[in-house]
Amino acid sequence: MNTLARVEDLHISFGGVAAASGISLTVEQGEFLALIGPNGAGKTTALRMVAGLLRPDRGRVFFGERDVTNLPAHARVRLGLGFTHQIVRPFYGFTTVENVMLAAGHHQTESPWRALASRSRAAAREKAQAILERIGLGAQAGQSPRALPLGQRKRLEVARALALDPKLLLLDEPLAGLSSHEATTMADLVRALSGQGITVVLVEHNLGEVLRVADRLVVLDAGKVLAEGLPKDVMARPDVRQAYTGVI
Amino acid sequence: MSAYIASLVSVIGINLILALSLNIITGFCGQVSLGHAAFYGIGAYTAAYLAKLGAPLPLTLLAGAAMAGAIGIVVGLTSLRVRHDFLAVTTMGIGFVFLGFVRKQKWLGGELGISGIPGSGLDPVSYAVLIVAFAAAVMGFCLWIKHSWMGFTFDAVADDEDAARTVGVNVSTYKLVAFGIGTALAGLAGGLYVYFARIILPDTFDFVQSIAILTMVVIGGTGSVWGVFAATIALTLLPEVSRAAADYRLLIFGAMLILVMRFSPGGLASLVRRKPA
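Note that the protein sequences, when read in sequence, are chains A and B. With our numbering applied, the first sequence corresponds to residues 34 to 281, in that order. With our numbering applied, the second sequence corresponds to residues -17 to 259, in that order.
These are calculated hints, taken from the structure and not from any lab test. Just so you know, these numbers come straight off a predicted model, no measurement behind them. Each hint should be verified, as a subset may be incorrect.
Far from chain A, by Cβ distances over 12 Å, these chain B residues were calculated [said to hold, decoys possible]: (1) -7; (2) 82; (3) 149; (4) 218.
Part of the chain B face toward chain A, derived, beta carbon under 10 Å [as the list claims (entries may be wrong)]: (5) 92; (6) 93; (7) 133; (8) 141; (9) 146; (10) 153; (11) 160.
Label pairs and their computed distance ranges (CB to CB) [claimed, not checked]: (12) B/78 to A/183: 16 to 22 Å; (13) B/-10 to A/169: 35 to 41 Å; (14) B/103 to A/153: 41 to 47 Å; (15) A/159 to B/119: 29 to 35 Å; (16) B/155 to A/91: 25 to 31 Å.
Glycine is no exception: its CB is placed at the ideal position from the N, C-alpha and C atoms.
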């Protein structure tokens, strides 16, 4: 497999508290990688540094062969890095389909002058509607995100990221707050996306679903990589069990 | 058209350009600005100064718009650092800095402003028609923006900047473009005002003027081109309706702002349709 993204020796501190202390990992093309670990392990922080929403104090982020460490988040999105927030962030002033349309028309919004010259939204609407149908939100296209329950808002977040045609999809706790049934459905959806050729990095606390759908695990603890490998191998390690569950 | 009507039409046209220009920044892109009159003033002072040096009208208008737009982009840089109420206070400060500066500049006439500005070469009626033509062009431009991908993206930036970044929007650039276009158009209004009034005074561009422009936008419905159009005409004509309305203009504007915020935060536009367009 080819390496799609890699981070080298990422460090970041908030108010003197280290959230990442030398995280290094690679993401292979086409894989479904899950980042797990106890609360405060640095999972979301690591993901946000890859997405460009946080700037590391030290270390490098590569996407393909390109060093993207100093690129802002929007520029990384345009290279093919999709991201979903842990706490859903739809545009509440837009309808569901408009939320996805803005992402679907990302070529139009690349420069303000191109955006000013472009008026037709038909192609973006068609693409957005198709993506909503694909993830089971077709019937909600005309609704405000305010009217959607959390599970559907989480799907909307994924739909918006998909509309950007990502090569790498970074998902920050997409199962958080969902019922058991909703979590299973969402995990299946993400697994299906991975099967369609999109490389996925998932940060998630729902260990049962993670072990069911992920190809590979990276376990973080106290801002460092504790272990990585196949799920069954990783979870068999005593140090992982201790760090993650508190028991050996 | 009588001279009175021509004067009234000119004022409406200038106010319309001003209100629509602020609507691009505040209504479309969601960036609060309480110092918009400063850019109106920058355009006016630039045009007046050049006019007195003998520059022709097209050049003075262009220079006024360019100067206001350039300084507007610099001020817009602050919007990349601060948001919401902090941005409101910052832009309000810009207005005071502008007034404090021009009042102390002898070459700009100090407290007495600039007088003896040459005429436009047009009679009052023709000049009013020219102003209306500019106002119509600005209105058409605003409607174009609103329905373009730029307007769609401005809406996203106004809604949630961080979410906009995650769909690939360069939020900083879009904000600066909004400030640049909006302040350049305010500068254009200032240039048009110069040839209409033939004299400019610092107080014409004070904080009260900024609030008056904002009132037109808020009452019309922030982000709504037609709402701002209707509110600007209504509020400009209001002091003409009665002497009392003229005397208590600020009181009435303030009361209207409070009533709109309480009963129809989306302004006139929200009374017509649910979502401004």
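Exercise. Are all C-beta atoms of chain A more than 12 Å from that of residue 82 of chain B?
Worked result: For residue 82 of chain B, whose nearest Cβ neighbour in chain A is about 33 Å away, the distance exceeds 12 Å, so it holds.
Exercise. Can the suggested window of 35 to 41 Å be confirmed for the beta-carbon pair residue -10 of chain B and residue 169 of chain A?
Worked result: 58 Å Cβ-Cβ, so the 35 to 41 Å window is violated.
Exercise. Should the interface hint for residue 153 of chain B be scored as holding, given a Cβ-Cβ cut-off of 10 Å against chain A?
Worked result: holds (7 Å)
For this session: Against chain A, does residue 218 of chain B hold up as non-interface, every C-beta pair farther apart than 12 Å?
Result: holds (29 Å)
Exercise. Was the hint right that residue 93 of chain B lines chain A, CB cutoff 10 Å?
Worked result: violated (40 Å)
Exercise. Okay, residue 78 of chain B versus residue 183 of chain A on CB: inside 16 to 22 Å?
Worked result: 46 Å Cβ-Cβ, so the 16 to 22 Å window is violated.
Exercise. Against chain A, does residue -7 of chain B keep a CB gap of more than 12 Å to every residue?
Worked result: holds (30 Å)
Exercise. Is it true that the C-beta distance of residue 155 of chain B to residue 91 of chain A lies inside 25 to 31 Å, as the hint says?
Worked result: With Cβ atoms ~28 Å apart, the hint holds.
For this session: Have a go at the residue 160 of chain B hint: is there a Cβ in chain A nearer than 10 Å to its own Cβ?
Result: holds (9 Å)
Problem set entry | Interface restraint verdict for residue 141 of chain B against chain A (beta-carbon cut-off 10 Å) | holds (4 Å)
For this session: Using the beta carbons of residue 103 of chain B and residue 153 of chain A, state whether their distance is inside 41 to 47 Å or not.
Result: holds (42 Å)
Exercise. Does residue 133 of chain B pass the interface hint, meaning its C-beta sits closer than 10 Å to a C-beta of chain A?
Worked result: Check passed: Cβ of residue 133 of chain B comes within 8 Å of chain A, closer than 10 Å.
Of the numbered hints stated above, those contradicted by the structure are hints 3, 5, 6, 12, 13, listed in ascending order.
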